[in-house]
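Chemist: Sequences listed follow chains A and B, in order.
Take 1 as the starting number for the first sequence in our numbering and just add one per residue.
Take 1 as the starting number for the second sequence in our numbering and just add one per residue.
One thing to keep in mind: the hints can contain errors.
Identical copies look the same in the list; a pair holds intra-copy or inter-copy alike.
[As the list claims (entries may be wrong)] Derived pair list, reagent style DMTMM-like, types lysine to aspartate or glutamate, alpha-carbon separation capped at 25 Å:
1) K102 x D85
2) K24 x E100
3) K102 x D17
4) K38 x E100
5) K32 x D66
6) K102 x D66
7) K32 x E80
Don't read these hints as lab results, they were simulated from the structure.
There are 2 protein chains.
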Amino acid sequence: MIKVSALYPNGPGSRFDMTYYLTKHMPMVQQKLGSALKGSAVEGGLSGGQPGSPPTFVAMGHLLFDTVESFQHAFGPHAEAILGDIPNFTNTQPTVQVSEVKL
Amino acid sequence: MIKVSALYPNGPGSRFDMTYYLTKHMPMVQQKLGSALKGSAVEGGLSGGQPGSPPTFVAMGHLLFDTVESFQHAFGPHAEAILGDIPNFTNTQPTVQVSEVKL
């Protein structure tokens, strides 16, 4: 199983509309990726490791696929629509990472 | 539900012993946190968003708790043992983030 994570950086002036992300963006992503998508998760940043410190990421979204190939096959045809929706909920540029699920 | 994530940065000279992390560190963490820990996950970085690009993080570990308070209560007494084990598997300093699970 692999996980594709989009990590949205926190910072002065960072804007992130969690309501839009949860009710519009993720449902659109799920619909476009179809059965290749094996799971999804969303988190909102609360703090760093020390209580009261700012979180490094204002939000994180994760998508699970069986393989890197199934991700690329499912995502490629919809990349423009999915990436083009980003300015509708944030003014930040996500760090994207593909990871192997180990545990 | 909240998620505490430790994000281990990738870079030239970054060392990360995934076998030690999976077979020694995480079991020790799980044992020390006890029933406050509601779940755990580990990922190993494969790439960035573009195939063949380096991952931003060499590894990520995630711990789930009911609340920030239950994390702090469970982690505090074992912080020294848990954080002191980090040099046994990596020469990097993790970015730690506390997040609220939204989906």
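Chemist: Indicate, hint by hint, whether the structure satisfies it.
Modeler: Quick rundown of the hints versus the structure:
1. Proximity of K102 to D85 under the C-alpha cut-off of 25 Å is restricted to the inter-copy arrangement: shortest distance 20 Å between copies versus 30 Å within a copy.
2. For a Cα distance limit of 25 Å, the shortest separation of K24 from E100 across copies, 19 Å, qualifies, whereas the shortest one inside one copy, 27 Å, does not.
3. When the C-alpha separation of K102 and D17 is checked against a cutoff of 25 Å, the pair qualifies only between copies, where the shortest distance is 13 Å, while the shortest distance within a copy is 31 Å.
4. In this assembly of identical chains, the alpha carbons of K38 and E100 lie at most 25 Å apart whether taken from the same copy (14 Å) or from different copies (21 Å).
5. In this assembly of identical chains, the alpha carbons of K32 and D66 lie at most 25 Å apart only when taken from the same copy (16 Å versus 32 Å across copies).
6. Within a single copy, K102 and D66 get their C-alpha atoms as close as 13 Å, and across copies as close as 23 Å, so both meet the 25 Å cut-off.
7. Within a single copy, K32 and E80 get their C-alpha atoms as close as 11 Å, which meets the 25 Å cut-off; across copies the closest is 46 Å, which misses it.
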